[in-house]
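We have chain E already, so just place chain Z on it with the hints.
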Amino acid sequence: MEEVIYNFRNQTWLLSAHRAVFWKEEQALIVSDIHLGKSAHFRKAGIAVPANIGQDDLYRLQKLITVYNPAQVIIVGDMFHSSHNNDVPLFKLWRQQFPHIRFKLVKGNHDIMPKQVYIDIDVEVYDALQIQEIHFAHEPCEEADDSKYTFSGHIHPGVAVSGAGRQRLRLPCFYFGRNCSILPAFGRFTGLAMLDAEAADAVFVIANNSVLKIS
Amino acid sequence: MKNTASGWKVITTWLAARDRQPFAFQEEAWTHYLQGKSGLVNAPTGYGKTFSLFLGVVIDWINRHPKDYTSKTKNGLQLLWITPLRALAKDIARAMEEVLQELDIPWQVGIRSGDTPVSTRAAQKKNMPEVLLITPESLHLLIGQKEYPKVFSYLTTVVADEWHELLGTKRGVMIELGLSRLKGLAKKEGRPPIKIWGISATIGNLAEAMDVLLGTPDPQAVIVRAKIDKKIELQSILPDEIEKYPWAGHLGTRLLYKALPIVDESRTTLIFTNVRSQTEIWYQEILRQCPDLAGALALHHGSIDMELRIWVEEALHTGTLKAVVCTSSLDLGVDFRPVDTVIQVGSPKGVARFLQRAGRSGHQPGATSKIWFLPTHSLELVEAAALKAAIAQQVVESRMPVILAFDVLLQYLMTLAISDGFHAGEIWVEVRNTFCFRDMTEDEWQWLLAFLTTGGDALYSYDEFKKVEREGDFFICRSRMQAMRHRLHIGVIVSDAMLKVKFMGGGFIGMIEEWFIARLTAGDTFSLGGRILEFVMIKDMTVLVRKSNAKKAIVPSWMGGRLPLSPNLGKILRETFNEALSGNTTTPELQVLQPLFNLQEYLSHVPKADELLIEMIHTRDGYHLFAYPFEGRLVNEVMATLLAYRLSKRTPITFSIAMNDYGFELLSDQPIPLTPDDVYELFSLDHLNIDLQASVNSTEMARRKFRDIAVIAGLIFQGYPGKHKQSRHLQSSASLLFNVFTEYDPQNLLLRQAFNEAFFYQMEEARLRESLDRIYHSKIVITYPEQLTPFCFPIKVDSLREQLTSEKLEDRIKKMRPEF
Numbered sequence: 556m557e558e559v560i561y562n563f564r565n566q567t568w569l570l571s572a573h574r575a576v577f578w579k580e581e582q583a584l585i586v587s588d589i590h591l592g593k594s595a596h597f598r599k600a601g602i603a604v605p606a607n608i609g610q611d612d613l614y615r616l617q618k619l620i621t622v623y624n625p626a627q628v629i630i631v632g633d634m635f636h637s638s639h640n641n642d643v644p645l646f647k648l649w650r651q652q653f654p655h656i657r658f659k660l661v662k663g664n665h666d667i668m669p670k671q672v673y674i675d676i677d678v679e680v681y682d683a684l685q686i687q688e689i690h691f692a693h694e695p696c697e698e699a700d701d702s703k704y705t706f707s708g709h710i711h712p713g714v715a716v717s718g719a720g721r722q723r724l725r726l727p728c729f730y731f732g733r734n735c736s737i738l739p740a741f742g743r744f745t746g747l748a749m750l751d752a753e754a755a756d757a758v759f760v761i762a763n764n765s766v767l768k769i770s
Numbered sequence: 003m004k005n006t007a008s009g010w011k012v013i014t015t016w017l018a019a020r021d022r023q024p025f026a027f028q029e030e031a032w033t034h035y036l037q038g039k040s041g042l043v044n045a046p047t048g049y050g051k052t053f054s055l056f057l058g059v060v061i062d063w064i065n066r067h068p069k070d071y072t073s074k075t076k077n078g079l080q081l082l083w084i085t086p087l088r089a090l091a092k093d094i095a096r097a098m099e100e101v102l103q104e105l106d107i108p109w110q111v112g113i114r115s116g117d118t119p120v121s122t123r124a125a126q127k128k129n130m131p132e133v134l135l136i137t138p139e140s141l142h143l144l145i146g147q148k149e150y151p152k153v154f155s156y157l158t159t160v161v162a163d164e165w166h167e168l169l170g171t172k173r174g175v176m177i178e179l180g181l182s183r184l185k186g187l188a189k190k191e192g193r194p195p196i197k198i199w200g201i202s203a204t205i206g207n208l209a210e211a212m213d214v215l216l217g218t219p220d221p222q223a224v225i226v227r228a229k230i231d232k233k234i235e236l237q238s239i240l241p242d243e244i245e246k247y248p249w250a251g252h253l254g255t256r257l258l259y260k261a262l263p264i265v266d267e268s269r270t271t272l273i274f275t276n277v278r279s280q281t282e283i284w285y286q287e288i289l290r291q292c293p294d295l296a297g298a299l300a301l302h303h304g305s306i307d308m309e310l311r312i313w314v315e316e317a318l319h320t321g322t323l324k325a326v327v328c329t330s331s332l333d334l335g336v337d338f339r340p341v342d343t344v345i346q347v348g349s350p351k352g353v354a355r356f357l358q359r360a361g362r363s364g365h366q367p368g369a370t371s372k373i374w375f376l377p378t379h380s381l382e383l384v385e386a387a388a389l390k391a392a393i394a395q396q397v398v399e400s401r402m403p404v405i406l407a408f409d410v411l412l413q414y415l416m417t418l419a420i421s422d423g424f425h426a427g428e429i430w431v432e433v434r435n436t437f438c439f440r441d442m443t444e445d446e447w448q449w450l451l452a453f454l455t456t457g458g459d460a461l462y463s464y465d466e467f468k469k470v471e472r473e474g475d476f477f478i479c480r481s482r483m484q485a486m487r488h489r490l491h492i493g494v495i496v497s498d499a500m501l502k503v504k505f506m507g508g509g510f511i512g513m514i515e516e517w518f519i520a521r522l523t524a525g526d527t528f529s530l531g532g533r534i535l536e537f538v539m540i541k542d543m544t545v546l547v548r549k550s551n552a553k554k555a556i557v558p559s560w561m562g563g564r565l566p567l568s569p570n571l572g573k574i575l576r577e578t579f580n581e582a583l584s585g586n587t588t589t590p591e592l593q594v595l596q597p598l599f600n601l602q603e604y605l606s607h608v609p610k611a612d613e614l615l616i617e618m619i620h621t622r623d624g625y626h627l628f629a630y631p632f633e634g635r636l637v638n639e640v641m642a643t644l645l646a647y648r649l650s651k652r653t654p655i656t657f658s659i660a661m662n663d664y665g666f667e668l669l670s671d672q673p674i675p676l677t678p679d680d681v682y683e684l685f686s687l688d689h690l691n692i693d694l695q696a697s698v699n700s701t702e703m704a705r706r707k708f709r710d711i712a713v714i715a716g717l718i719f720q721g722y723p724g725k726h727k728q729s730r731h732l733q734s735s736a737s738l739l740f741n742v743f744t745e746y747d748p749q750n751l752l753l754r755q756a757f758n759e760a761f762f763y764q765m766e767e768a769r770l771r772e773s774l775d776r777i778y779h780s781k782i783v784i785t786y787p788e789q790l791t792p793f794c795f796p797i798k799v800d801s802l803r804e805q806l807t808s809e810k811l812e813d814r815i816k817k818m819r820p821e822f
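Each protein sequence line maps, in turn, to chains E and Z. All you need for the working numbering is the position in the first sequence, starting with 1, plus 555. All you need for the working numbering is the position in the second sequence, starting with 1, plus 2.
Pulled out of the complex, with its shape left as it was, chain E reads as follows (with noise of 0.2 Å):
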């Protein structure tokens, strides 16, 4: 099961093993905290963490974008991790391959670069964007209107299963709220936020290779 189909609010989301969304109505792929050039940022200040984890996120979009073939990207925050550093030029060489494909990015709180280098590498900056009556915002937000949806990440939700036994393991998650959900992050560099999978409408775990729907 590398994705699952879930059919919400009269749309076709398929939810893939490889942390990101595919909405089938409007061709779109979206991920959340890819956080690019994390690992640059780390090494440029000394600390000698693997140097290709950057170059493997793109990769693994790239792959996504292949199978898929979406007509636009949504990153829902936080495509990089901080200033400039040579990431960036990387993902402009990157971008390069899917001319047609728009990128968009509704920006978070790690996006604080200057408009003019998203400008350079051919990405649409959002404060927020509205697509059919789904909304979306880097941080989750639970306002009441049913009137729309909101798509969100920021926060790298992961759930807490447990079992007999006292088994517990921690796994990263989908995680569908009332009027707000959270999308695992996509890059691997990243930690995990443990959630509350009761107040959930629905959460999908991912599992190695797998989607998994516990609640």
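To be clear, the hints were calculated from the coordinates, so they are not data collected in a lab. Incorrect hints may appear among the rest.
Said to hold, decoys possible - Under the rule of at most 30 Å between Cα atoms (straight-line distance), these lysine-lysine pairs were calculated in the DSSO-like manner:
1) E:Lys768 - Z:Lys651
2) Z:Lys351 - Z:Lys610
3) Z:Lys74 - Z:Lys185
4) E:Lys599 - E:Lys670
5) E:Lys618 - E:Lys647
6) Z:Lys148 - E:Lys599
7) Z:Lys573 - Z:Lys781
8) Z:Lys468 - E:Lys670
9) Z:Lys189 - Z:Lys76
10) E:Lys599 - Z:Lys468
11) E:Lys647 - E:Lys579
12) Z:Lys351 - Z:Lys233
13) Z:Lys651 - Z:Lys246
14) Z:Lys128 - Z:Lys148
15) E:Lys647 - Z:Lys468
Unchecked claim - These stretches of chain E come out as covered by chain Z in the derived footprint (C-beta under 8 Å, 3 or more residues):
16) 594-600
17) 607-614
18) 678-688
Ideal Cβ placement from N, Cα and C applies to all residues, glycine included.
Frame of chain E; chain Z shown alone:
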């Protein structure tokens, strides 16, 4: 030589004038020292071990300057005295200054530790005292200063005090590396070799301890033993009704009423507990039961304010305190003469540690050290009996030296890089001549250099890694930012992120671990430093609190500090059960425990020394398997993992694993496939290595080990003081780094070190083999009790948990439910 040398005469005359004469071992040490030898002095605390070396240095000085030793000043640093604890330094400095003053030698004695004020440091830099007492961390900080070789250009002698405490720790490795540089400097500048001496309490491997300190074998080196038989008397505080004394999970305060009269009759009592949280609880409880002690009772542990600690230590000297509740922070050889009684609360987990603590009382030569043992749960009384046997048989643990600690080496190389830079060829030779790194390969060395200059071998064109610059054979760090950051994190003691605790109106109280505060909400009360405090908020990495009058408070628990049972004590423990079973024991602890043993025998079985007991119990929680190898927590954990793995090969099954020092538990949601016929093969030595590697736990253990390694090697960014905000994009957890390295850089040397540490130090593979073999050839008794037994109860309620599975992750999740 002895009688013609003027220095010797000066010293013996001075001693005689005070009606004292040197101990034989002191004279022996002086003689060896004067012959230019290095070595190790083995002596218990309170018997002049400091003078056995310090006076040797003084004699030598007088010999070399017979005419002007009373007037010669500004002589540069002569003697470097490395001590593990700041508290020790003050005491020793005081003793040395007294001697120098009476001998009219105008030497200065300085202290250098994390607490030394900046002004003193600056003064020291201008004019080094002749004697400098220093912690391993501060020694490295000195080496991290520009033009540091000048500081050491007159150095003749280095003494590593309390070496048994540092051996087997990464702080010990810091000393090895520091010494390698000091020796290298002397050689380079054509000075005579530096004399290196250790001072150690008795441990099982004294000769090895000396080899580690000296780095390369020195045929001239000597071990000087003080042949002083210190008398130690152990007496347990026994519960009146053992049936009513808790089986587990208690802190011993129930027996406080029996300890108070002991405190009352003594001049000053030290009450040792094993963890800081217990110290707080005991302090509160004593005050509650005995309000008269207010003002005469104090608290001492590593997390309270330094000034308060110093005050406690001073008060201990002057004898104004009636009792101090403390942890290992007061373990070491501070000589508090007024202390005449020691109470150990809970098991000390090792013979050497126990002897050390017992030695805190009756410090005067010839006095008997008396120590009271207060059990926190019933079975601990068996440990008291075992300790008695161990003392009688003079069984003392060995300390295993640390090997190939690349994290410490990386930190050290960075330290050299931020001072004057280093030549790789020169440092390679020095480092390879230490015990810790004598087996380091050329490849590993090159990897370390690459780690500092290019950030590992994963080079690609877009990389901007910046740390140390390489100019041929010369390595130097020119970034002031990097240098500042490195200075702030020199050291190898890693604790959780600690936050300062302050009153709203100012006033520092102590430090507390971040994860503990994270669980509190405003208005909650907790206790720290013996005070009850109300949590207000966290601001700028500081926890703001106000005073509270609440009666009940949450007691913070500090991670770490859970010491495993030593192998020696484990063996004696098994023999002690034999004695208990005989029914005619004369040991009072075992006599008291008889009803408990009877219950255990009635419900299940009491194992003999040549038996292993396994209890299979079914409760609401699931299916339990309890086994009791008495091998200490670490080995028990590995054995549990191994058993779980081997059982899981029989059928897909998931276990949760728990362990303590006595035994371990496997808990599953399905029946455990084990019968008396197939139990022996679980303990077989066949395929042991493969099975160990395959057990998931090695990864989890390595992950835990990696935490310290990542911090020591400088991978965890700890921020600059007062610059919290700018650095938030550089924060990551060790666990995340572990995942990232495992996935993207599995050959990383630091990752490999984490696995090695897990295997060799935690798993103690050799010891595991031995005990598996013992069990395989012993009788395994399986019982099926209807209810929990006195033996299994402590494991069930009071232990650390791990898990192991052979089910597919997806299948497991289907059986689980989210946590609410």
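Hints versus structure:
no., hint, in the structure
1, E:Lys768 - Z:Lys651, "holds, 29 Å"
2, Z:Lys351 - Z:Lys610, "holds, 21 Å"
3, Z:Lys74 - Z:Lys185, "holds, 26 Å"
4, E:Lys599 - E:Lys670, "holds, 23 Å"
5, E:Lys618 - E:Lys647, "holds, 17 Å"
6, Z:Lys148 - E:Lys599, "holds, 24 Å"
7, Z:Lys573 - Z:Lys781, "holds, 16 Å"
8, Z:Lys468 - E:Lys670, "holds, 27 Å"
9, Z:Lys189 - Z:Lys76, "holds, 23 Å"
10, E:Lys599 - Z:Lys468, "holds, 5 Å"
11, E:Lys647 - E:Lys579, "holds, 27 Å"
12, Z:Lys351 - Z:Lys233, "holds, 20 Å"
13, Z:Lys651 - Z:Lys246, "violated, 42 Å"
14, Z:Lys128 - Z:Lys148, "holds, 13 Å"
15, E:Lys647 - Z:Lys468, "holds, 23 Å"
16, 594-600, "holds (count 7)"
17, 607-614, "holds (count 4)"
18, 678-688, "violated (count 0)"
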